[in-house]
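Visitor: If you read the sequences in order, they're chains V and D. Heads up: the first sequence begins at 1 in my numbering, then just goes up one per residue. Heads up: the second sequence begins at 1 in my numbering, then just goes up one per residue.
The reader is advised that the hints may include incorrect statements.
To be verified - Not everything, but these chain D residues come out facing chain V in the computed CB check (under 7 Å):
1. I23
2. E25
3. V28
4. G29
5. G43
6. S50
7. Q199
8. N200
9. Y435
Simulated from the structure, these hints should not be mistaken for lab results. A virtual CB, placed ideally from N, CA and C, is assigned to each residue, including glycine.
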Amino acid sequence: MKITAKQYAKSLYQAVQGKDNSQIKDAINNFFNILIQNNDMAKAEEIVVEFEKVWNIEYEIIEAEVVSAKELDKNIVKLLNDYIVKLSGAKKVLLKQKIDKNILGGVVIKYEDKILDGSLRTKMEALKINMIK
Amino acid sequence: MSNTKDFIVEQLKQRIIDFKSEIKEQTVGKVIKIGDGIAQISGLSDVMMSEMLEFTVNEGTNSNKSEKVYGVALNLEEDSVGAVILGDFFNIKEGDEVKSLKRILEVPVGNSVIGRVVNPLGRPLDGKGEIAADKFYPIEKIAPGVITRESVSEPVQTGIKAIDAMIPIGRGQRELIIGDRQIGKTAITIDAIISQKGQNMKCVYVAIGQKASKVAGIVAKLEEHGAMEYTTIVLAGASDPAPLSYVAPYSGVAIAEYFMDQGEDVLIVYDDLSKHAVAYREISLLLRRPPGREAYPGDVFYLHSRLLERSCKLNKEHGGGSITALPIIETQAGDVSAYIPTNVISITDGQIYLEPDLFYQGNRPAVNAGLSVSRVGSAAQIKAMKKVAGKMRLEAAQYRELAAFAQFGSDLDEETKSKLERGKRLVEIFKQDQYKTVPVASQVLIFFSVTSGLLDNVPVEKISEFENGLNKYAENNAQDILKDIEEKGELNEKLEEGMKKLVEDYKSTVDYLEKDISTAL
Numbered sequence: 001m002k003i004t005a006k007q008y009a010k011s012l013y014q015a016v017q018g019k020d021n022s023q024i025k026d027a028i029n030n031f032f033n034i035l036i037q038n039n040d041m042a043k044a045e046e047i048v049v050e051f052e053k054v055w056n057i058e059y060e061i062i063e064a065e066v067v068s069a070k071e072l073d074k075n076i077v078k079l080l081n082d083y084i085v086k087l088s089g090a091k092k093v094l095l096k097q098k099i100d101k102n103i104l105g106g107v108v109i110k111y112e113d114k115i116l117d118g119s120l121r122t123k124m125e126a127l128k129i130n131m132i133k
Numbered sequence: 001m002s003n004t005k006d007f008i009v010e011q012l013k014q015r016i017i018d019f020k021s022e023i024k025e026q027t028v029g030k031v032i033k034i035g036d037g038i039a040q041i042s043g044l045s046d047v048m049m050s051e052m053l054e055f056t057v058n059e060g061t062n063s064n065k066s067e068k069v070y071g072v073a074l075n076l077e078e079d080s081v082g083a084v085i086l087g088d089f090f091n092i093k094e095g096d097e098v099k100s101l102k103r104i105l106e107v108p109v110g111n112s113v114i115g116r117v118v119n120p121l122g123r124p125l126d127g128k129g130e131i132a133a134d135k136f137y138p139i140e141k142i143a144p145g146v147i148t149r150e151s152v153s154e155p156v157q158t159g160i161k162a163i164d165a166m167i168p169i170g171r172g173q174r175e176l177i178i179g180d181r182q183i184g185k186t187a188i189t190i191d192a193i194i195s196q197k198g199q200n201m202k203c204v205y206v207a208i209g210q211k212a213s214k215v216a217g218i219v220a221k222l223e224e225h226g227a228m229e230y231t232t233i234v235l236a237g238a239s240d241p242a243p244l245s246y247v248a249p250y251s252g253v254a255i256a257e258y259f260m261d262q263g264e265d266v267l268i269v270y271d272d273l274s275k276h277a278v279a280y281r282e283i284s285l286l287l288r289r290p291p292g293r294e295a296y297p298g299d300v301f302y303l304h305s306r307l308l309e310r311s312c313k314l315n316k317e318h319g320g321g322s323i324t325a326l327p328i329i330e331t332q333a334g335d336v337s338a339y340i341p342t343n344v345i346s347i348t349d350g351q352i353y354l355e356p357d358l359f360y361q362g363n364r365p366a367v368n369a370g371l372s373v374s375r376v377g378s379a380a381q382i383k384a385m386k387k388v389a390g391k392m393r394l395e396a397a398q399y400r401e402l403a404a405f406a407q408f409g410s411d412l413d414e415e416t417k418s419k420l421e422r423g424k425r426l427v428e429i430f431k432q433d434q435y436k437t438v439p440v441a442s443q444v445l446i447f448f449s450v451t452s453g454l455l456d457n458v459p460v461e462k463i464s465e466f467e468n469g470l471n472k473y474a475e476n477n478a479q480d481i482l483k484d485i486e487e488k489g490e491l492n493e494k495l496e497e498g499m500k501k502l503v504e505d506y507k508s509t510v511d512y513l514e515k516d517i518s519t520a521l
């Protein structure tokens, strides 16, 4: 049967869990031997991506992105970070910042597959539709 | 002047202040694959089956103008969602954002859609401006249950003699119209719609995968006969993507359901369901669902059964509305035993089978009396019609067999001869031009004349001329008889006497009668 990258990543996670660095090295060596045996080296990169996802799920870490029109103040970033932690119920949030002039103002928060659109552009559009009505 | 300007500015300011937009958490996904009107989407963890999705499409790379395209989630898999796109998918790119809208596809319903041509999403296609509807109905709905229904009891007057006499249709019935291409399937339904004028019916015509030119022609014809006043046309054209064709009949029935819920009677035409099945097959194959017989997916039966089940007759406690469905199936070279035709035949309450041979012989509408049936409609015929037309279907079917048999020999006994003569006149009476619908009363009159033998001395080739003349004569001289039939719906001896006298009177004014009946036979 074909083994998917996701399955590899999950088993790798189980193999390295609760082990110290030298043990992890051995586990990884073993893992690569299996990959070579199964002729699945092509999947290596995909496995890395999946492994990160598995790791994040297990440790309740989520990646989030904040889009704003201007560079954000550190305090605001801290506030946003706490807000996302509260929203998502995760233990840790890896926050990325992105600047997009097109949204005009406000912020857009993205995490997992959720989006909170508090941008000025969206508000303006909603206002436009409301005014036309 | 400046006062009004200030006033307007003030109003605008007030509106802007009053306007509060709420920031809602939305679930989004990303397009990972797009092609042939099908998108694979990652994310969207809590999307529902057949939920509406919104694709945000950026026009061009630099402009921040964006456009919205809608789709429907059809496949929910472990880590992706398969969706069909309703509309233009050429601008959607890999990586585009998709939002789930937390509701299933809806169409605007109500009186504002009457007289309009709309696409399956309820957008106007006739250039008469936006549709101002305050109500929306979901396109997918479970059909009304047993408790809310009652049996079919009122007739739909199609105005087509062959159908009203032999294969009557009742309000709430589903009657399939089946036949090869180009033999008048659409013509029957258009006539039926035209004939609903003044019958207290709303009509919905759903064109699935039809040529735009054909639909334009139909709209023009309906307008000409004043039928657009109570008709809505739902159009998924031949150039529209398959998902729109797939959605079209469900939108149509949602529009119809609104009127049914208001206690009204609706006639809905699906033209045609074979193209609908083909569109669904295309979607299913692209979504990689396993193909079955004739490459249709396994649930193609449910596709049509759940649609046609939604036509029904509600009982008085539930408003008493009804939806009568006339689905059309196009067969290939008369093959009724193909997959889709057999499916739909088994779902519907009867079928009108149109035959190419009859059509080319000039018997139009080309209804085959032997193979066409109506499983519930006869309960809905008015009594007068039942009395005069009761045995006509049998007689017409027998005549065809007898005529084929009689070709071999000329030595026939009197009884067979008279049957043949009667049959010839029947066939002649069932011939009817397109867009010339006949009211019930006139139908009863002409059927009464033929079944009571009053037409036996009218030459066969003069029958239609006689019929036209008789109708005019009756309108001018015996309005009360026609009115009586229409209002009472029943025949008594006095009425029969009156009709007999009327026909005899008219006969005395024409000069082409055969003198001696026995020479005619």
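Visitor: With reference to the structure, classify each hint as holding or not holding.
Guide: Hint-by-hint comparison with the structure:
A distance limit of 7 Å between C-beta atoms decides the matter here; for I23/D the minimum to chain V is near 5 Å, and the interface restraint holds. Proximity of E25/D to chain V holds as hinted, the smallest CB-CB distance being about 5 Å (cut-off 7 Å). This hint holds: V28/D has a C-beta 5 Å from the nearest C-beta of chain V, less than the 7 Å allowed. At a threshold of 7 Å, the smallest CB-CB gap from G29/D to chain V is about 6 Å, leaving the interface hint in force.
Against a cut-off of 7 Å between C-beta atoms, the interface hint on G43/D holds, since the closest Cβ of chain V lies about 3 Å away. With a cut of 7 Å, the hint placing S50/D at the interface with chain V is violated, because the nearest CB-to-CB distance is about 19 Å. Proximity of Q199/D to chain V is violated relative to the hint, the smallest CB-CB distance being about 37 Å (cut-off 7 Å). Here the hint on N200/D is broken, as its CB sits about 35 Å from the closest CB of chain V, past 7 Å.
Hint status for Y435/D: violated, given a least beta-carbon distance of 42 Å to chain V, over 7 Å.
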